[in-house]
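**Student:** Listed here are the chains, written in short residue letters.
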Amino acid sequence: DGGITQSPKYLFRKEGQNVTLSCEQNLNHDAMYWYRQDPGQGLRLIYYSQIVNDFQKGDIAEGYSVSREKKESFPLTVTSAQKNPTAFYLCASRDPPADTQYFGPGTRLTVL
Amino acid sequence: EDQVTQSPEALRLQEGESSSLNCSYTVSGLRGLFWYRQDPGKGPEFLFTLYSAGEEKEKERLKATLTKKESFLHITAPKPEDSATYLCAVPGTDSNYQLIWGAGTKLIIKP
Chain P
2 DGGITQSPKY LFRKEGQNVT LSCEQNLNHD AMYWYRQDPG QGLRLIYYSQ IVNDFQKGDI
62 AEGYSVSREK KESFPLTVTS AQKNPTAFYL CASRDPPADT QYFGPGTRLT VL
Chain W
3 EDQVTQSPEA LRLQEGESSS LNCSYTVSGL RGLFWYRQDP GKGPEFLFTL YSAGEEKEKE
63 RLKATLTKKE SFLHITAPKP EDSATYLCAV PGTDSNYQLI WGAGTKLIIK P
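So the protein sequences, as listed, match chains P and W. Position in the first sequence (from 1) plus 1 gives the number in the working numbering. Position in the second sequence (from 1) plus 2 gives the number in the working numbering.
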């Protein structure tokens, strides 16, 4: 079955730690996205990548970093510079003909 | 400024009580409006895309409609399993790659 997988489902971070969230897709989509979702707010774009080895900052990129070495993979690192990282993180990929974005199941990150 | 506003923030209905959710937008040259359903603790699930005023799409008890300024998601005779947060989004004026998202409407259907 084609789809997007994210791991882990739950992640706990101590102050000062970097953590990496995994996102993998087998839909053969070029474009991939990372969003952050907080209660009562819309999805906010962190980073997006239109193609391998290329990515652009979204609206809230500070404290986050990404890489895109393979078409299938778009990992997100939450660095210690992100002061309020507790949130639900969603990865998506885009289907070009209809511009539809499809989402993974999400990772909930909690800072201890 | 590109903006998407959804109303109401939350809606509680009895099972079988029909209603509508609203998504209003301000972008130049609409290139699609997307509706998603999100269950608690899960990723959004794609429902519909609408491209032009007057267009309608249906799926089970849901029907989405589009005008030049807003979209409605009509829910007919809802069931408790329709309870979820419904999100809408539009491409930004300057980019097909970035979507502008509304904050969502939390729909609760009581049996």
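FYI, nobody ran anything at the bench for these hints, they're computed from the structure. Where hints are given, some of them may not hold.
Claimed, not checked - List time: in silico EDC-like cross-link candidates among lysine to aspartate or glutamate, alpha-carbon distance up to 16 Å:
1. P/Lys84 x P/Glu63
2. P/Lys84 x P/Glu16
3. W/Lys81 x W/Glu3
4. W/Lys108 x P/Asp39
5. P/Lys58 x W/Asp96
6. W/Lys108 x W/Glu57
7. P/Lys10 x P/Asp31
8. W/Lys70 x W/Glu60
9. W/Lys44 x P/Asp39
This structure is a prediction, so every number in the text was calculated from the model and none was measured.
**Student:** Of all the hints given earlier, name the ones this structure violates by number, lowest first.
**Tutor:** 3, 6, 7, 8
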